[in-house]
Amino acid sequence: MKERQLVVVGGGPAGMAAALAAREAGVADVLLLERDQHLGGILNQCIHPGFGLHHFKEELTGPEYADRFAARVLADPGIEVRLKSFAVKLTPDRRISFLRPGALEEVQAGAVVLATGCRERTREMIPIPGTRPAGVYPAGLAQKMVNMEGWIPGREAVIVGSGDIGLIMARRMALEGVLVKAVIEIQKSSRGLVRNVVQCLEDFGIPLYFQHRISMVRGRDRVESVDVVRVDDEFRDIPGSDFSLSCDTVLVSVGLIPENELLEMAGALIDRKTNTPVAPDVNLTSLPGIFACGNACKVYDLADWVTRDSQLAGRMAARYLGVADL
Amino acid sequence: MKRRMTCIECPQGCSLEVEADGSRFIGVTGYKCRRGGAYARQETEAPLRTLTTSVLTSGLELKMLPVRTSRPIPKARLFEAMAAVKLIVVTSPVKAGAVIAPDFLGLGVDLVACRPLLKK
Numbered sequence: 001m002k003e004r005q006l007v008v009v010g011g012g013p014a015g016m017a018a019a020l021a022a023r024e025a026g027v028a029d030v031l032l033l034e035r036d037q038h039l040g041g042i043l044n045q046c047i048h049p050g051f052g053l054h055h056f057k058e059e060l061t062g063p064e065y066a067d068r069f070a071a072r073v074l075a076d077p078g079i080e081v082r083l084k085s086f087a088v089k090l091t092p093d094r095r096i097s098f099l100r101p102g103a104l105e106e107v108q109a110g111a112v113v114l115a116t117g118c119r120e121r122t123r124e125m126i127p128i129p130g131t132r133p134a135g136v137y138p139a140g141l142a143q144k145m146v147n148m149e150g151w152i153p154g155r156e157a158v159i160v161g162s163g164d165i166g167l168i169m170a171r172r173m174a175l176e177g178v179l180v181k182a183v184i185e186i187q188k189s190s191r192g193l194v195r196n197v198v199q200c201l202e203d204f205g206i207p208l209y210f211q212h213r214i215s216m217v218r219g220r221d222r223v224e225s226v227d228v229v230r231v232d233d234e235f236r237d238i239p240g241s242d243f244s245l246s247c248d249t250v251l252v253s254v255g256l257i258p259e260n261e262l263l264e265m266a267g268a269l270i271d272r273k274t275n276t277p278v279a280p281d282v283n284l285t286s287l288p289g290i291f292a293c294g295n296a297c298k299v300y301d302l303a304d305w306v307t308r309d310s311q312l313a314g315r316m317a318a319r320y321l322g323v324a325d326l
Numbered sequence: 001m002k003r004r005m006t007c008i009e010c011p012q013g014c015s016l017e018v019e020a021d022g023s024r025f026i027g028v029t030g031y032k033c034r035r036g037g038a039y040a041r042q043e044t045e046a047p048l049r050t051l052t053t054s055v056l057t058s059g060l061e062l063k064m065l066p067v068r069t070s071r072p073i074p075k076a077r078l079f080e081a082m083a084a085v086k087l088i089v090v091t092s093p094v095k096a097g098a099v100i101a102p103d104f105l106g107l108g109v110d111l112v113a114c115r116p117l118l119k120k
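For the record, the sequence lines run as chains L and F.
The numbering of the first sequence is the working numbering, which starts it at 1 and goes up by one.
The numbering of the second sequence is the working numbering, which starts it at 1 and goes up by one.
Isolated chain F (complex conformation) (with noise of 0.2 Å):
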């Protein structure tokens, strides 16, 4: 079955043509680069996004850290995720790309934070 979907790797945002069967990938036609074709595979099997949002601090500079996963994770789980991080407060300074989360959810990945932050 063909299905069209729009690359969202780069703001190009090529128009994909993705031939499937279910979540069985075949084949694509319409990008541009290598990653578009990587999209459509991952995207036609298992649908991952890269969260980002904010945490709570407590004595800190500022009253939210921002913060990513270090890779992408299934967008399915994004909600439990969210719900996760609201139980997160970081109490100590941190550099950018320091761990805040290690493995978390057991996903293999890490929430890291997006900048440095001091004391207040």
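If we strip away everything but chain L, and leave its shape as in the complex, we get (with noise of 0.2 Å):
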């Protein structure tokens, strides 16, 4: 079996820093294990701008914030990046396996980041009854589509929950000329910045709802209608407070999970309620070698923070492995 220093299963922005920063401390000899066929991760289709405020003292897309970690990357002799690789496997003493076209590999690894990112809660998740037509999507996935793959989920959108994702989708969605006619949220205010709710909301009229759920979704083969209700400060549907939209598309973005499936597999204690790893401290698993870093330690708001974070993370890889000081 190949031996490796350091193993970071992930591409994205922390998976990239987290190699670097490892690299910077010592580690001679890093493997970087992505799925998809460019490293970026989930930056690739956040096109936004917004990122980098912090780390770069600049305003850029998400993918000029990955490409400027990438390149790097792709230039360090002492990383070897495997794309289209997906570990499958990870247990306690750190051997990892991974698919790759053609061939499944294992590693033993001295230390292993994880930073393996979110999945999106999906419409099952949260209780909206009705019908299952198509045209109900995670917002994250309808992003992918529209800015990666040049699919417009609609015509006519309405989209759930105000996080970030679910108000920079309204705009986009705006943007590509679809009518969004409202967003629905269930709180007091939004989960997103303020800044998306003026620059995505405010600047194309879309109205924002707080206090309301969809009750219903209605249509038999596609969505044709949702039916919003206003609920109290107890969540409770407020009698005649009902009104419909029609619509032929159902935005989704309802929060992240922490993707910790590796970590579970190797025995590391799991918070059920959160998905992060149960430790200490940022970044720490309950495995000694084993770290968790960026979404999937906690889920966070700023991609310049999981960049700082997860730097951290490889520099507490490389005092792991004894090449380091912290």
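In short, the hints are calculated from the structure, not lab data.
Just so we're clear, the structure is a prediction, and the values are computed from it rather than from any experiment.
You may find that some hints are simply not true.
Calculated lysine-lysine pairs in the DSSO-like style (CA-CA distance at most 27 Å, straight line) [claimed, not checked]: (1) L/K57 to F/K86; (2) L/K57 to F/K119; (3) L/K84 to F/K95; (4) F/K75 to L/K181; (5) L/K84 to F/K63; (6) F/K120 to L/K57; (7) F/K120 to L/K84; (8) L/K144 to F/K63; (9) F/K75 to L/K144; (10) F/K119 to L/K84; (11) F/K63 to F/K119; (12) F/K119 to L/K144; (13) L/K144 to F/K120; (14) F/K95 to L/K144; (15) F/K32 to L/K144.
A few chain F residues facing chain L, derived, Cβ under 7 Å [said to hold, decoys possible]: (16) R3; (17) T6; (18) C10; (19) P11; (20) T50; (21) T52; (22) S54; (23) L56; (24) K63; (25) R68; (26) M82; (27) A84; (28) I88; (29) A96; (30) C114.
Ideal Cβ placement from N, Cα and C applies to all residues, glycine included.
Could you use the hints to bring the two separately framed chains together as a complex?
Quick look at the structure:
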């Protein structure tokens, strides 16, 4: 079996920052596994500006932010990047199995950094009653379709959830000529940044309904309309407050779940509520030599903070390997 | 006349109180950095936004290339800009920052690539 000093799983902002920082701290040999055909992770589909204000002191789009790190990773002879490589198994003694085109490989790592990001919460995870027609998408999936594949998912959309992804997709769809009828938020305020409420909704005249929820999705084969109802402070429906919005598309932006299947497989403690590693400090897990950083560790609101904390994860791995003092 | 606005220059989102006479800027309070003051003036006189979108490619490794305007453009012309973007197909490999459309819409800004893209 091949042996590597450090294996980083995930080539998004977290994995790239961890790999580069580990190298700077003295790790000689890093293997970076990325399942996609490019480095960058979700940044590749985040084509809007707002990245890098802290780290680079200038405002970049997601792909630009990713490219600055990717260029350094690819130029570093001490980092081997394996694309289209999907880690499928991790053991507590840090053996990693990964699929690459045509083969299943196994590698023994001195230390492991898991930078596997998040998955989206879906419609099935929040109670939205009604039929199951086509046209209901997780907002991040729709973002990838619109920004990377050039597919516009519908003509008239309602967005559930006013987190940053929901807000940014509202603007994106509006720019693409989709009539965005409303953003529906069950809470009293947006979880997203104020600037996104302003530049994504107010700029385009998109109504934002706080303390409202979708009580029903209607439509046989395709979404035809949604029922919206106002809720009180205990999230109970207020009778008589409901109204209907016709639409053919519903984007669901209701949060992210840290992706820690590999860590769980290795037997680490996972907080069932947040799906994050149980550990005394950021980037740590309950298993020695196995670290988790970026959105796999906790859900961040800015990529800049992912970079900052993931650099620390790279240094922590270097210290564990005995090549650096922290 | 006083008007409230939220600065969109950075994630802090300062709440600004702007004194203006129509589009004539008089003064602003509430900002925490220099960019906020400049934003309030610009937003009052002529709002600007950076456009980011994707353009179709042909024969390259991704189906779409993310692009941006090199500087913010008038907010009122965003949809006109989107229509113009739809007419572009990128067929040659590009480096990050490569100009895709110079002097876009005659606005004195370029449409630039946000990432490198190689041939398929």
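A quick look at each hint next to the structure:
no.	hint	verdict
1	L/K57 to F/K86	violated (32 Å)
2	L/K57 to F/K119	violated (32 Å)
3	L/K84 to F/K95	holds (22 Å)
4	F/K75 to L/K181	holds (21 Å)
5	L/K84 to F/K63	holds (18 Å)
6	F/K120 to L/K57	violated (34 Å)
7	F/K120 to L/K84	holds (16 Å)
8	L/K144 to F/K63	holds (11 Å)
9	F/K75 to L/K144	holds (25 Å)
10	F/K119 to L/K84	holds (18 Å)
11	F/K63 to F/K119	holds (11 Å)
12	F/K119 to L/K144	holds (21 Å)
13	L/K144 to F/K120	holds (19 Å)
14	F/K95 to L/K144	holds (22 Å)
15	F/K32 to L/K144	violated (35 Å)
16	R3	violated (13 Å)
17	T6	holds (5 Å)
18	C10	holds (5 Å)
19	P11	holds (5 Å)
20	T50	holds (5 Å)
21	T52	holds (5 Å)
22	S54	holds (5 Å)
23	L56	holds (6 Å)
24	K63	holds (6 Å)
25	R68	holds (6 Å)
26	M82	holds (5 Å)
27	A84	violated (13 Å)
28	I88	violated (12 Å)
29	A96	holds (5 Å)
30	C114	holds (4 Å)
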